[in-house]
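Residues per chain are reported as follows:
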Amino acid sequence: MPYLLIAEQLLNGLQFGVMLFLMAAGLTLVFGVMGLINLAHGSLFMVGAFSAAWVSGVSGSFTFGLIAALAASAAAGALMEVVVIRRLYKRDHLDQVLATFALILIFSEGTRWVFGSFPLYLNIPEALSGSVTLPGGIRYSLYRLTLIVVGLLIALGLYFLIAHTRLGVQVRAGESDREMIAALGVDISKLYTIVFALGAALAGLAGALVGAIQSVQVGMGEPVLILAFVVIVIGGIGSIKGAFVGALLVGLTDTLGGLFLPPFFELFMDASAAASAGSSLASMSIYILMAVVLIVKPTGLFGAKG
Amino acid sequence: MSRESIFDCVLILCLAAVPIWAHFAEEPFIITLATRAAIFAIAGIGLNLVLGQGGLVSLGHATFFGLGGYAMGILASHAQTYMPLSEWPILIEGTKSMPVIWVVALLASGIAALLIGALSLRTSGVYFIMITLAFGQMFYYFAVSWSAYGGDDGLSIYLRNDFPGLNTLDPIQFFLIVFVWLLVVWIFTATLIRSPFGLALNASRQSTERVETVGINPYHLRLTAFVISGMITGLAGALFADLNRFISPSMFSWQTSGEIMVFVILGGVARRSGPILGAVVFIALEHFLGGLSDYWHIYLGALLLLVVLFARGGLIGMLLGRERVHE
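Chains as they are written, first to last, in the working numbering: chain C, 1 to 306; chain U, 1 to 327.
Chain C on its own, in the form it takes in the complex:
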């Protein structure tokens, strides 16, 4: 197999992984701090993608689209938290699953009602189109390369935010003892809204960035949401570091599985059966990865709580 193809797929896996990280980071923060499982996180991804596609379509500027995506998803997240989510913190997981499932129905059908069933398209900005030659002679899409860099920068920024700022201290304190930080005078409900809106903005940003390389349509959020669940189950729920490692593992397994499994099956099968068995197994590979991690470590790689 040519080395250039493998290198390109490695980069694709990395790009997919960092975008998954943006989704998973919000989910895992919300779960870690508020103990809430939010199925509607995928809807925020969709809100981001639609706002970016619509605003950049109208204004002709990708940057405006990105700003709109961040603003709209953070606003939608804050609204969701204030109206519905904050009634669910003390409820059991079943109520949380159902209420957020109901939110998915409302968001998805609402979006379909406003924008119709046809997908929107978001164009890659002029300055980032085309490809670049990386060291080693690899030609790679400049936009995807930008996604990798942006994703890594945000991961770094998030690490700094959690480890070195006042908000981060409050978030970490909230994870370990909610009553105590409320008693110390931190406005806990404001903190929750901020954390939720932050997670929502990350999801919306991921939606907008990914929206330029796929079509923007209703229901685009849920497959990503479920992959983000796999990511945080692998990484350990509540752990940002786990989400990062998990996201890269899932991203790389997904792309490399699709690349290597069909030829691997060709070694002992005829070509068409190998292609079909290989692609079936490739689409299952990340779930097999998850099962293996769970057998070895039921709380995930970096998880503490069950």
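If you're looking for bench data, these hints aren't it; they were derived computationally from the structure. Glycine residues also receive a C-beta, built at the ideal position from the N, C-alpha and C atoms. Be aware that a few hints might be false.
[Said to hold, decoys possible] Residues from chain C that keep clear of chain U, each with C-beta distances beyond 12 Å, as calculated:
#1 R91
#2 F101
#3 G110
#4 F118
#5 G130
#6 S141
#7 R172
#8 R178
#9 V245
#10 L259
#11 G278
#12 I288
[Said to hold, decoys possible] Under the rule of at most 20 Å between Cα atoms (straight-line distance), these lysine to any residue pairs were calculated in the SDA-like manner:
#13 U:K96 / U:L169
#14 C:K190 / C:R87
#15 C:K297 / U:Y219
#16 C:K90 / U:R205
#17 C:K90 / U:S207
#18 C:K190 / C:Q214
#19 C:K190 / C:I213
#20 C:K90 / U:L169
[As the list claims (entries may be wrong)] So the derived list for chain U, only partly shown, Cβ under 10 Å to chain C, looks like this:
#21 G110
#22 G125
#23 Y127
#24 M138
Given the structure of chain C, go ahead and fit chain U onto it with the hints provided.
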């Protein structure tokens, strides 16, 4: 009889009476709606066993629903084309016989539930929710890429399968088959809940430590319940495939898992007739709201949100009050 028993009888009689009326009024579409409701009720009863009694929030029951459906689709499609499923090491032929299909559907979903349950039940709480969801997706993507049985497009079966002595293409006769299954499953689970096994399962939801202290292994209890639950939902999947004469990967989709859960919650979690009422209300809403607006899921979502936030205990809880602990 307690109020709940009277309510159960009335509900089940209504579910039987409406299609019989529709049969004489020559409204076959209503019979089909009632059949759908009864099938969804069976799927919901399956989920209610682990969700209501065991407290296990499985968001992956579409796996079993889909496996039941694919068991029917695969067997019937081979019978349709006269191509055996396998010739070696043993000859396996397709079949159009419902009882055989049901047995295969029960076995397939039972084995899958055993494997998925054995892995998933190592975890609990929110991990369990996400893992069951992820396993459901795994089967979904497998079905999408399995081109031998239609892949993404699904697979049509031209004639409904046979049941000895009945004309299954007659809507009311097919409804009766489904209705008898609903009664069997309903009585079976109602009995199971009252049995020592059911009581222990319920106890393991309330306090795992106490169950362990009296010498019962909660993992085995839960795994057994998960397998039974998966088999019931798998049976519903086989019946659903026969109703539509069509299978597609959407039977495995996470929306299907969510909807099965909606039947249970709308009706009332852990109430033995909750899934029946939930499925009937769901079908009625789909029919009436779906006729009013293409975007009826918005209303369904809003209703669901209201039930979760303000009517804990579902519709049965609203009608009959909360369940008493001691009877």
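Hints, verified against the model:
{"no.": "1", "hint": "R91", "verdict": "violated, 8 Å"}
{"no.": "2", "hint": "F101", "verdict": "violated, 5 Å"}
{"no.": "3", "hint": "G110", "verdict": "violated, 6 Å"}
{"no.": "4", "hint": "F118", "verdict": "holds, 14 Å"}
{"no.": "5", "hint": "G130", "verdict": "holds, 32 Å"}
{"no.": "6", "hint": "S141", "verdict": "holds, 25 Å"}
{"no.": "7", "hint": "R172", "verdict": "holds, 20 Å"}
{"no.": "8", "hint": "R178", "verdict": "holds, 17 Å"}
{"no.": "9", "hint": "V245", "verdict": "holds, 17 Å"}
{"no.": "10", "hint": "L259", "verdict": "holds, 15 Å"}
{"no.": "11", "hint": "G278", "verdict": "violated, 10 Å"}
{"no.": "12", "hint": "I288", "verdict": "violated, 8 Å"}
{"no.": "13", "hint": "U:K96 / U:L169", "verdict": "holds, 13 Å"}
{"no.": "14", "hint": "C:K190 / C:R87", "verdict": "holds, 14 Å"}
{"no.": "15", "hint": "C:K297 / U:Y219", "verdict": "holds, 17 Å"}
{"no.": "16", "hint": "C:K90 / U:R205", "verdict": "holds, 18 Å"}
{"no.": "17", "hint": "C:K90 / U:S207", "verdict": "holds, 19 Å"}
{"no.": "18", "hint": "C:K190 / C:Q214", "verdict": "violated, 35 Å"}
{"no.": "19", "hint": "C:K190 / C:I213", "verdict": "violated, 35 Å"}
{"no.": "20", "hint": "C:K90 / U:L169", "verdict": "violated, 50 Å"}
{"no.": "21", "hint": "G110", "verdict": "violated, 19 Å"}
{"no.": "22", "hint": "G125", "verdict": "holds, 6 Å"}
{"no.": "23", "hint": "Y127", "verdict": "holds, 6 Å"}
{"no.": "24", "hint": "M138", "verdict": "holds, 4 Å"}
Of the numbered hints listed earlier, those contradicted by the structure are 1, 2, 3, 11, 12, 18, 19, 20 and 21.
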